[in-house]
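As given, the protein sequences belong to chains R and S, one line each in that order. In case it helps, the numbering used here puts the first sequence at residues -3 to 239. In case it helps, the numbering used here puts the second sequence at residues -3 to 239.
To be clear, the hints were calculated from the coordinates, so they are not data collected in a lab. Please note that a few of the clues may not be correct.
Same chains, same label: a pair holds when it works inside one copy or across any pair of copies.
Said to hold, decoys possible - Taking lysine to any residue and the SDA-like style, the derived pairs with C-alpha atoms no more than 20 Å apart in a straight line are:
id	residue 1	residue 2
1	K70	Y96
2	K45	D19
3	K71	G44
4	K68	C25
5	K149	R177
6	K149	V178
7	K142	R177
8	K149	I174
In this text, all values refer to a predicted model and were calculated from it rather than measured experimentally.
2 protein chains.
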Amino acid sequence: MKNKVYVVGMGPGEAGLMCQEADRLLQECDTIIGYTVYVNLLREVYPGKEFLTTPMTQEAKRCEMAFEEAMKGKKVIMVCSGDAGVYGMSGLMLEIGADYPEIEVKVIPGITAALSGGAVLGAPLTHDFAVVSLSDRLTPWEKIEKRLELAAKADFSICIYNPSSKGRPDYLKRACDILLRVLPPDRICGTVENIGREGEAANIYTLQELRDTQVNMFTTVFIGNSMTKEIGGRMVTPRGYRI
Amino acid sequence: MKNKVYVVGMGPGEAGLMCQEADRLLQECDTIIGYTVYVNLLREVYPGKEFLTTPMTQEAKRCEMAFEEAMKGKKVIMVCSGDAGVYGMSGLMLEIGADYPEIEVKVIPGITAALSGGAVLGAPLTHDFAVVSLSDRLTPWEKIEKRLELAAKADFSICIYNPSSKGRPDYLKRACDILLRVLPPDRICGTVENIGREGEAANIYTLQELRDTQVNMFTTVFIGNSMTKEIGGRMVTPRGYRI
């Protein structure tokens, strides 16, 4: 039987929102590999493991490390925040895995910020939705703009990842300006920061107000669809049962 | 302190993919309410609970039952398959909850089929994506068509829920015909059925082949974006690290 490498989504950071299979594998494994920030969240929860990290921009090297450790016979887990797939490492692991045919890649899903943040806000993604990252490190900004515009025209609820960082503090404003070409300024929107961690905070805005709000790299943003409303401080997109 | 009703996503059905907090709440609660099919999956796992069900089309009644039981002081959980939000009951619970200001609605997210099915196929949703349900029970078909067309034009990976049912066996074919107006016939697609349950099966197709494939109501469908490829039998959408 082939040795396996696991790509595991750890959820938003709060242990309770990790799935049971992910926890079991983390307990059993020899080696945990990941981006420094996420691995540090696991050091105290899973003592006695070998922890390996690489910084951002070293993703390919991180994957190669995982396969090299697995080739030594170790049980290796590549951890991702949220889901293993959504802006996670499962794709690159499968790409690089083509060079390691002796090792099988098994993917364990996790609760991505669209779901965990949505639960904090209420129910913003109850109907069809789109997920868009504003990070242009790996994607041309023109492509991001086009996706935002077409998602708005399609009346999707939209969940925005990576809305801001130190190097690009105005990206959410730029995104809102694109959305405002299509959507009304009073469209209901929401933000959640530090999901499942200390300092968790949710806020509801109009799209116009959101445009002028400074968020940070730990914020997930939700744009409502044409049916979305605020009910008692929660953001709610109806499925349509009551129409 | 207000009594709470919990809306809990149970994941795809396999207990290991339920999050730890959901499991803890299900163990602690008095009453579990849900759609008959999902509640039946829980009866043996959580013995000694009060189980209440309503069939499909009785969603509003199901929510009212949950609040009525909570008003009696019981600890009540409304369960949803997958996530509590994505095509789940959290939205309707918050809408109906406006009539029960004494009760707080708390939402616990779960792993929706886009994530659990994606993990089985490999990594179809590693970049921006859209989620569309083909069920026109609560949504006009014209709106579904428009969303599919614009999602394809935006080069989103697309995850399709409810691609077929007894009453509408040809809906996936109709959806593929819309997508084929925008996307090439050799676009990589995938299907997963019975995710996390007995009979789990994943298949990769071209869009043209998918059009002529009969799926069922337990299938989740994935349409790749322009970068998606097949690697060793897995469906992989690159994030862009290797470009």
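Right, here's what the structure says about each hint:
Taking the shortest Cα distances, K70 and Y96 sit within 20 Å of each other inside one copy (15 Å), while across copies they are farther apart (54 Å). Taking the closest pair of Cα atoms, K45 and D19 come within 20 Å of each other only inside a single copy of the chain (13 Å); across copies the shortest separation is 26 Å, beyond that limit. For a Cα distance limit of 20 Å, the shortest separation of K71 from G44 inside one copy, 14 Å, qualifies, whereas the shortest one across copies, 38 Å, does not. For a Cα distance limit of 20 Å, the shortest separation of K68 from C25 inside one copy, 13 Å, qualifies, whereas the shortest one across copies, 46 Å, does not.
In this homomeric assembly, K149 and R177 come within 20 Å of each other (Cα to Cα) both inside a single copy, at 10 Å, and across copies, at 18 Å. For the identical chains of this complex, K149 and V178 are neighbours both inside a copy (6 Å) and across copies (16 Å), given an alpha-carbon limit of 20 Å. In this homomeric assembly, K142 and R177 come within 20 Å of each other (Cα to Cα) both inside a single copy, at 12 Å, and across copies, at 19 Å. In this assembly of identical chains, K149 and I174 lie within 20 Å of each other by CA distance both inside one copy and across copies; the values are 11 Å within and 17 Å between.
The structure shown violates none of the earlier numbered hints.
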